[in-house]
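Visitor: Sequence:
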Amino acid sequence: MSLFRCSVRRTLPVLAMLVAVVAACTAGPGATTSPSPPSATSVAPTSAPATAPASTGPVASVAGQTETDWGRIWDALPPGFPIQPGSVPTETGGGPATARLQLGTSVDVATDWWQEALEAAGYRIEARNGPLEDGSIVIDVLGDGGCRAQATITPLGGVTVATILVGAECPFS
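Residues in the sequence shown are numbered from 1 upward in steps of one, following my numbering.
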């Protein structure tokens, strides 16, 4: 187990750099890197409802799935799922998630961005709860065909982290 953690710690900086390169290559003309309006900047692979724009970069054809207390989730974000500009993959020691991203903004700014971006990607906001006791805010959304996702934005040790769960019933294409 400790060998695995060591390996993951060494791999994370390389993974973060790879995600940044993929994001830069797939953003396309006119994409923005500012946290203002949700530009649906995507990192491949990502999950999206049928109405969201597809990523123009390489995408994994099939991602794995994991059973959680929340339900069965994708192990990677489907193409077109919004990613806040400037975010990087991170590990927190939390349970399984489709994605866990360190954000460069406050919880309030990040929550507003995610809500707008998810709505722009075709999701309907079902609930926005918080701040909870730990300062986090949870956004529950519904997509087409029973697709559901959840974004939990949490202040964690001086940084803001988004934990994304995308239900396995969401399309991954």
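Note that these hints are calculated values from the structure, not bench results. It is possible that some hints are incorrect.
What the hints assert, rightly or not - Ranges of calculated distance between the beta carbons of each label pair, as one might list FRET restraints: (1) Glu133 <-> Ser173: 33 to 41 angstroms; (2) Val109 <-> Gln65: 29 to 37 angstroms; (3) Glu169 <-> Glu119: 29 to 37 angstroms; (4) Ala127 <-> Glu67: 16 to 24 angstroms; (5) Gly135 <-> Trp70: 19 to 27 angstroms; (6) Asp144 <-> Gly93: 15 to 23 angstroms; (7) Asp134 <-> Ser173: 19 to 27 angstroms; (8) Gly135 <-> Ser173: 34 to 42 angstroms.
All C-beta atoms in this analysis are idealised placements derived from N, C-alpha and C, irrespective of residue type, glycine included.
Visitor: Look at the Cβ atoms of Gly135 and Ser173 and judge whether their distance stays inside 34 to 42 angstroms.
Guide: 35 angstroms, holds
Visitor: I want to verify a distance hint. Is the separation of the beta carbons of Asp144 and Gly93 within 15 to 23 angstroms?
Guide: With Cβ atoms ~34 angstroms apart, the hint is violated.
Visitor: If you check the beta carbons of Val109 and Gln65, does the distance land in 29 to 37 angstroms?
Guide: 31 angstroms, holds
Visitor: Is the gap between the beta carbons of Asp134 and Ser173 within 19 to 27 angstroms?
Guide: 35 angstroms, violated
Visitor: Could one say that the CB atoms of Gly135 and Trp70 fall in the range 19 to 27 angstroms?
Guide: Roughly 20 angstroms apart at Cβ, these two residues keep to the hinted range, so it holds.
Visitor: Does the Cβ-Cβ separation between Glu169 and Glu119 fall within 29 to 37 angstroms?
Guide: 19 angstroms, violated
Visitor: I want to verify a distance hint. Is the separation of the beta carbons of Glu133 and Ser173 within 33 to 41 angstroms?
Guide: Because 38 angstroms falls inside the window, the suggested range holds.
Visitor: Take a look at whether the Cβ-Cβ distance between Ala127 and Glu67 falls inside 16 to 24 angstroms.
Guide: 23 angstroms, holds
When the structure is compared with the earlier hints, violations turn up for hints 3, 6 and 7 and for no others.
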